[in-house]
Amino acid sequence: MTFPQDNRPKTDGVVALVGNPNTGKSTIFNALTGLKQHTGNWPGKTVSIARGTFRVGAQKYLLVDLPGTYSLRAGSPEEKITRDFLLSGRPHVTVVVADAGRLERNLYLVLQVLEITGKVVVCLNMLDDARRRGICVDVRALEEELGVPVVAAAARQGLGLQELKGKIDALARGEISVCPRRVKYDPDIEEQLAFMSGTRWLALEALLGQQKPGEGSWVERFKYCPV
Amino acid sequence: MSALNTAPCKSPADLQERVAAALFREAEAIANRATKVTEEEDSRALRYLERKLDDFLTSRRTGFLLMTALLAFIFWLTLVGTNYPSEALARLFSWGEKQILAFLGGLNAPLWLQGILVEGIYRTVSWVVAVMLPPMAIFFSLFALLEDVGYLPRVAFNLDRLFRATGAHGKQALTMAMGFGCNAVGVTACRIIEAPRERLLAILTNVFTPCNGRLPTLMALAALFAGGGLAASLLLCALVLGGCAITLGVCYLLSRTFLKGLPSYFVLELPPFRKPQVGRVLLRSLLDRTALVLVRAVTVAAPAGALLWVLSASGLAAKAAAALDPLARVMGLDGFILLAFVLGWPANEIVLPVLLACYLSAGTMVEAESLAGLKAVLEEHGWTHLTALCYMLFSLLHFPCGTTLVTIYRETGSLRWVCWAVLIPLATACLACTLVAQLARALGLVTSLFT
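Sequence order for the protein chains is A and B. If you're matching positions, the first sequence starts at 1 in our numbering and goes up one per residue. If you're matching positions, the second sequence starts at 1 in our numbering and goes up one per residue.
No lab work stands behind these hints, which were simulated from the structure alone. Fair warning: there could be bad hints in the mix.
Heads up, simulated DSSO-like pairs for lysine-lysine below, C-alpha to C-alpha not over 30 Å straight-line [what the hints assert, rightly or not]:
1. B:375 x B:319
2. B:275 x B:36
3. A:80 x B:260
4. B:275 x B:98
5. A:184 x B:36
6. B:52 x B:36
Only chain B is shown next, with the shape it has when bound in the complex (with noise of 0.2 Å):
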């Protein structure tokens, strides 16, 4: 209710809040005439219900514990249901390139058009429908449930203490879950929270929440960094919470310095749980994802395929990467990997896909049709533990990716800012790749990825 009497108390102080008494003493009256609470046991026993499944769910104790296990859940799930639609997704493309093939080699194509339709535009657009379609919807749909159910609020409510301890709003965990679909979304959302100051505390960080264009790279990497799908999961859950933990020691070193203040009062209601309509909802969800990654796919993908193509056939891919290789190597990367997050800049989903292609055009032809396929690539190219936790920790922490940034830009109407809100994740990458990387060195503990 107190939301009600935060109006700014200016000159006529006392005429306001006499005039909000007024009309809360008229609703109060009108309301108790036209309601009435009926005193049955079933509507009384779910009134108790949700009071004391809202104290389980927000509860000092209980709370954190249960919000981690239920992202590791919904990882484990998404992680055990990804695995037979991406294989069969990735089978289905590469018949069809070998369709392809067939069909340009039957019109006598040059090989110049035949790499770039099939090597550059065909395998990368198949690699982000393949790899980013099937983990995209699964995980989506679950959380689309959650949402439906009402369990964000909640989960906004045990972070407040957090965020308000860094001097940030506790409505940034609501824009950080809606990061998750896409940051551009997560900073848009940002406009619930009204002080212009917490506000851009959340813009700034929202990067540190993986979106979904790097949540299915991060899975995939994760599958087969950690083995099983219960170690994936919980590795997984380490690295969103890791992201969460960088968000809140950002937003403390920002509050403590740039944007010094403390963080203003607010109301968060608590919506009540509903019964979540589960067809609806995971029918919408899936047909909104694969929408999105199919119209990614022809957008960005295909012309990054082709500009690819045509950078590694001339050899400036390799001379890029070369250059980049030393600092690179210090972070626990390889020039390709650090290649691919800046061709990738326009959309993070394409960059495995692109480093893929990298790797593959590089070496010999590693047919790529699966994880399995993956994994022979990567080897290939000298991949261990480190580098996939590295290349995971910059892939969540790196900057934000070409659409965010102009919604940055929309939302802050400064160049100033979206420089700070590329620079400031990429430093923050850079430090964390270069300790974990050195730190690792250091005790000896590099092994091979696939041993």
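Okay, chain A solo, but in the shape it has when bound (with noise of 0.2 Å):
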């Protein structure tokens, strides 16, 4: 009996492509693998997931354009491919891409994602569009609150993603230490957290009773689900 083939391409890592819809995930992934999917301007537009690869010196990467997502806890379709890669793909490396004029309603998404893993790179999007609506975000002081290396970028302009190849690449060799921001909940809900062992994530998957009867059970897909 034979296994079956791992057919992925052999790549020194795998990189996750994650976001709100229209954030500009595409156009980053086309930027970064020389690859055209399709990009348009208007929210839902992935509805595969593109695969392609990049180099960083002498490092390659398989970069997989997951669809955008405002969350990774209802339960549309987008939702559930983004979470589930996340969490049983084991992407090395995850980039969030944000877009930093609606940066309240994109951190809803990275504080969701910190708690599966913390390899976490925010591609801070749309700088310019942001600027251009008097609106300015501190990169430096959003690194230090989210505790994962930010990076500021317009994509459609071509600018900050040689910033963003670096950063992956130091994240996936570990030259980036990361400390990921935990969000504190209720004294009660944290009070049980701290019982339960595995990521704060699928712990509270747990705890708020995620799983459908019959699918098999969350915790236990994904018990040996990297930290």
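Got two chains here, each in a separate frame; can you build the complex from them with the hints?
What follows is the structure, given as structure tokens:
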């Protein structure tokens, strides 16, 4: 008996690209990989997962463009795909693309991703648009708040992409240490979480009873997920 | 924001809400600490302008009017812009045909080989390229610009009320916009609609949006049928809006019969307007369309051309057309037209070229070098205003092409829905054409197309 072959391209790491809809994920994907996925200025455009590779020095990474989503916890198919990939695809680095002009809503997703994995680079995109509308984001301050690298970018103009690549590479090789922000929940929730092992996300999932009967419990399926 | 609060509230709903609230508080706090909103004069003016523009584009009064005007304007630009490159391409191909014929004649190639190569393959391919490519390249470049600016979600917003009234999903407007490019893509794009019932509605009715295989045909016929550029663009606009109306009607009927249910709730985000990257968008769209047309011309039109030549040479085409003729006459068409739609099933681009090839092989040889040539060929075969209108209606409403059906099967996973996806449009097309034809005949409105 032979095992099914792993037909993923041979790479040094898997990088997931997540973010709210219409934050320029596909533009970043195209710019990094040189592929030509269609980009459009409306939410919900990416309906399938695109994959491509890019190089940083001698390292080669597989970049996976996941569908845009506002949250990882509600039930839409995009959210399920993205969540499943983060939990079971075990990307070495997750890039969360955030719209600088709509930071608050984008951070909601960032905080959720940080509960699954700490190996996160936040790509603060469309800074030029935000600035034109009078919104300035302090990248250093945001980096400090989140505890993970934040890269300022304007992907349509091709700005910030080299730095993004560099940060991804450094994080994948363990050259950057992260200290991901943890959301403090109400005391009674925190108390229950304290008794649970595994990632904070899975503990919360268990607590919230998110798994559907018959599908196999989430916690069971992702017990071996890296912290 | 409410998108975030739509998490299914199952047993520990309270817990979920509290978790979401905590996340929100934190996100808000971080965002507030990290962002600074400057109150400079021009940035405030910009924010104000954006809001006003959105009010204007999506208001009940101006939204629809503007949408229609924009569509008509795009059609007009396309029609005006198409003439020159179309003529140039047609001349080029006609010159090429003479060269090939001379070359084959020099080789003493048998007549049947010349027939297949030149009258079959070469002519069909050159028609596809000359008639389809210019309008496609222009229309979709303009459309891509609109998309890049961020206008499409505003269209979805405008149409949402109508769709909801028929029991369909507001995002269906976006899938229809994708359908302009290609119905197969439109059907795939229906994945953005989460609720299965509404998704099915969108999939089944996507074909009523004219795709890039049909739009250029409609444009060419509108240019002949309606005369001037303005009238032609208004006619096209009416056709597309008619397609929308039929989409809504079919959705209404379906959601009260086979697909009962209420539209689900969703949040449509209006993305910010962006300055379009004109150069890049135009170049990309031009290259994409050209590549698409050329690939289709080689993979579909060339074999279809060869097959068709064999069919006509053996007299099968004429027999089939004669068999279809009585039925076609009822719908204001003729047997060859129906045959062309059947033969053009793999790809809509080739329907008109196939029809021309049929006509050319059946009657006297007329050189179809340009729109003027097309006029002559159609005239020869007794086309009237009514024939042209019915052809356009049939083209707009008929069954999806092969690729789209395969996509529908892939997306729904059920042959039953594929059958419905054929039957519903086919019935609609037959019904609409019959109605129009019978009505026009009863009222004595039939006039020759080219008087």
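Hint by hint, here is what the structure shows:
1. B:375 x B:319: Satisfied, since the Cα-Cα distance of roughly 25 Å is no more than 30 Å.
2. B:275 x B:36: Measuring from Cα to Cα gives roughly 23 Å; hence the hint holds.
3. A:80 x B:260: holds (26 Å)
4. B:275 x B:98: violated (47 Å)
5. A:184 x B:36: holds (25 Å)
6. B:52 x B:36: holds (23 Å)
The structure is inconsistent with hint 4 alone, although it conforms to all the rest.
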